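Given chain A, put chain B in place with the hints provided.
As they're listed, the protein sequences go chains A and B. Be aware that the first sequence starts at 4, since it is given in the numbering used here, and climbs by one per residue. Be aware that the second sequence starts at 3, since it is given in the numbering used here, and climbs by one per residue.
In short, the hints are calculated from the structure, not lab data. Computed from a predicted model, the values in this text were never measured in an experiment. Incorrect hints may appear among the rest.
Stated by the list, open to error - The calculated SDA-like cross-link candidates involving lysine to any residue, where the alpha carbons are at most 20 Å apart (straight line), are:
1. A/Lys74 to B/Thr6
2. B/Lys85 to A/Lys74
3. A/Lys135 to B/Arg27
4. A/Lys98 to A/Lys127
5. A/Lys100 to B/Thr24
6. A/Lys135 to B/Trp26
7. B/Lys85 to A/Thr167
8. A/Lys134 to B/Arg29
9. B/Lys247 to A/Tyr19
10. A/Lys60 to B/Trp99
11. B/Lys12 to A/Ile102
12. A/Lys135 to B/Ser31
13. B/Lys85 to B/Thr167
14. A/Lys60 to B/Thr5
15. B/Lys196 to B/Val178
16. B/Lys85 to B/Lys163
17. A/Lys74 to B/Ser9
18. B/Lys12 to A/Ile154
19. A/Lys132 to B/Arg19
20. B/Lys12 to A/Val112
21. A/Lys98 to B/Phe22
22. A/Lys75 to B/Pro10
23. A/Lys60 to B/Asn249
24. A/Lys132 to B/Arg27
25. A/Lys33 to A/Lys60
26. B/Lys163 to A/Gly20
27. A/Lys135 to B/Asn28
28. B/Lys12 to A/Pro77
29. B/Lys12 to A/Lys135
30. B/Lys247 to A/Leu58
31. A/Lys98 to B/Lys85
32. A/Lys187 to B/Thr5
33. A/Lys60 to B/Pro97
34. A/Lys98 to B/Arg27
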Amino acid sequence: MNQPGILQVENLFVSYGAVRAVQDVSFSVKGGEIFGLLGPNGAGKTSTLSAVEGLLKPASGTITVAGYDLKKQPLYARANMGVQLQSTSFQPELKVKEIIQLYAGIYGVELSDQRLNNIFTEIKMEDAKDKKYSQLSGGQQQRVSLFIATIHDPQLVLLDEPTTGLDPQSRRQLWGRIESMREKGHGILLTTHSMEEAEAVCDNVAIIDHGRIIETGEPQVLIERYRNEPEVIKASRKGKVTLEDVFIGLTGRAIRS
Amino acid sequence: MQTTIQSPVKALSILLRYDFTTQWRNRRSVILVLLVPIIILISWKGAIDKIGPTFVLSTCISVGLTAIGLMGYANALARDRDKGVFQRLRVAPVPTWTIMISRLAVQLAMILLLTTIVFVVAYNQSNITLSPAGYLLTFIAAMVGGALYLGLGQMIAGLLKNAETVNSTSRLVYFVFIMVGMFGETGLLGEKLKEIVQWSPYGTVKAILSASMKPGTWDQHALTALVLTLVYAGIFSFLGIRLFKWNVK
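Bound conformation, chain A alone (with noise of 0.2 Å):
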């Protein structure tokens, strides 16, 4: 028997005017699983996701979290998805320690001094408590950022190219936090460009172009299902088919926007 979805989304259309960014969109996401959305620029990645995290209005379709209707019931749905946006940011005047508060207070967590110790140990940043967001380095306000979208134990979390930017530490430090988010029983829905990290990370992948899902699956078993087919073939180098050459092979070699 299949097991419901944290995240169950069907039939998503999403429209900017005439366009229509997202068409016919359905995929779920379950616990324990790590989703990856992948598409080139423009293909729907951060529509799709920005419909789920509730910040655009569908033209139609049901976006379901944790059982709950985003349409009707968004605040639970909402309060049980942590996102970490592309470009968030916090109030720059506040300091680490004030935004995490914030936070949690809004998601309704409660947190003693002890405990706020504990989160700067855990997330390595005994010495940035007083600083002020704006005053943190690209990693520290990842690990801050995705900190805050999990300070409330979400069964959903929505992460939008988690990793740009990062250099190789914080990234693999990022992946690490991610994959312990996996064996806690969250569902992770994320979206990347990185095919060697999706490959490596991801439960299931879809990958989006021109707004509808083309392909879907467990990475290994895509490049499986494309390794003979000849734009596959052609994509690849050093004779190695990877999910960057079925992705390549199924969306194209053409430079999009």
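Frame of chain A, contents of chain B only:
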């Protein structure tokens, strides 16, 4: 797993706490907003006998309100929108209106602070006092006038997407309001402009402030000014809310 949703009141109180902290950390810009009215108050000390204390006080408060709505509020909205601060809050389980109400509450507190400081400096510098009813009505008039300028600020942030454009436009509008308003109402720029200024947002706010300082002087003109102020505030706020986009990217 239990789903926790804060009540709107609780969510608002949390947001208010940190919005006030943000405002407190922006002390320098707060001081700049308050400085211009105080400079006017002090530099016009010698002219108070000629032009009257209500004229001076209402000018100072009007200038301060313009700065709060245009420079403070509009720019803070545009900057936080540009940085994605609002988007981050909007994905949290709080009603969207609490985010905006919290911002407005901070600005209303600024209006009360401005009015209080003008009264205190006016008393210290020129021994100007009002009746208790005068103080109370002026605070209320300042809030109503402030609503007009906050609405105007909201409209500018709604019309323009880029934070830097909002910044430069709000400064330009501020400058035009102050210069044309202050000089226009004296008749220095001609009788026609004097008439226009009188019924402009600057003129109507100033009129209700002046009348509130001496409650006995409320007349048909002040009443019309009050109605117009409310109409302006309504139009600006309506357009500002309609046009405002939480995200410009």
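Cross-check of the supplied hints:
1. A/Lys74 to B/Thr6: Judged against 20 Å, a Cα distance of about 18 Å means the pair holds.
2. B/Lys85 to A/Lys74: 26 Å, violated
3. A/Lys135 to B/Arg27: Roughly 11 Å between the alpha carbons, so the hint for A/Lys135 and B/Arg27 holds.
4. A/Lys98 to A/Lys127: 16 Å, holds
5. A/Lys100 to B/Thr24: 14 Å, holds
6. A/Lys135 to B/Trp26: 14 Å, holds
7. B/Lys85 to A/Thr167: At roughly 17 Å apart (the allowed maximum being 20 Å), A/Thr167 and B/Lys85 satisfy the hint.
8. A/Lys134 to B/Arg29: 18 Å, holds
9. B/Lys247 to A/Tyr19: 14 Å, holds
10. A/Lys60 to B/Trp99: 17 Å, holds
11. B/Lys12 to A/Ile102: 17 Å, holds
12. A/Lys135 to B/Ser31: Status holds; Cα separation ~18 Å.
13. B/Lys85 to B/Thr167: With a Cα-Cα distance of about 15 Å, the restraint between B/Lys85 and B/Thr167 holds, given a limit of 20 Å.
14. A/Lys60 to B/Thr5: The given pair, whose Cα atoms are some 23 Å apart, is violated under the 20 Å limit.
15. B/Lys196 to B/Val178: Answer holds: B/Lys196 to B/Val178 is near 14 Å, not above 20 Å.
16. B/Lys85 to B/Lys163: 12 Å, holds
17. A/Lys74 to B/Ser9: 19 Å, holds
18. B/Lys12 to A/Ile154: Holds - the C-alpha atoms of A/Ile154 and B/Lys12 are around 18 Å apart, at most 20 Å.
19. A/Lys132 to B/Arg19: Status holds; Cα separation ~19 Å.
20. B/Lys12 to A/Val112: 13 Å, holds
21. A/Lys98 to B/Phe22: Since the Cα atoms of A/Lys98 and B/Phe22 sit roughly 13 Å apart, the hinted pair holds (cutoff 20 Å).
22. A/Lys75 to B/Pro10: Holds, at about 17 Å.
23. A/Lys60 to B/Asn249: Holds: A/Lys60 and B/Asn249 sit about 13 Å apart, inside 20 Å.
24. A/Lys132 to B/Arg27: 17 Å, holds
25. A/Lys33 to A/Lys60: Roughly 23 Å between the alpha carbons, so the hint for A/Lys33 and A/Lys60 is violated.
26. B/Lys163 to A/Gly20: Within the cut-off at roughly 18 Å; holds.
27. A/Lys135 to B/Asn28: 13 Å, holds
28. B/Lys12 to A/Pro77: 18 Å, holds
29. B/Lys12 to A/Lys135: Outside the cut-off at roughly 25 Å; violated.
30. B/Lys247 to A/Leu58: 11 Å, holds
31. A/Lys98 to B/Lys85: Answer holds: A/Lys98 to B/Lys85 is near 16 Å, not above 20 Å.
32. A/Lys187 to B/Thr5: Given that 20 Å is the threshold and the Cα spacing comes to 17 Å, the pair holds.
33. A/Lys60 to B/Pro97: 15 Å, holds
34. A/Lys98 to B/Arg27: 10 Å, holds
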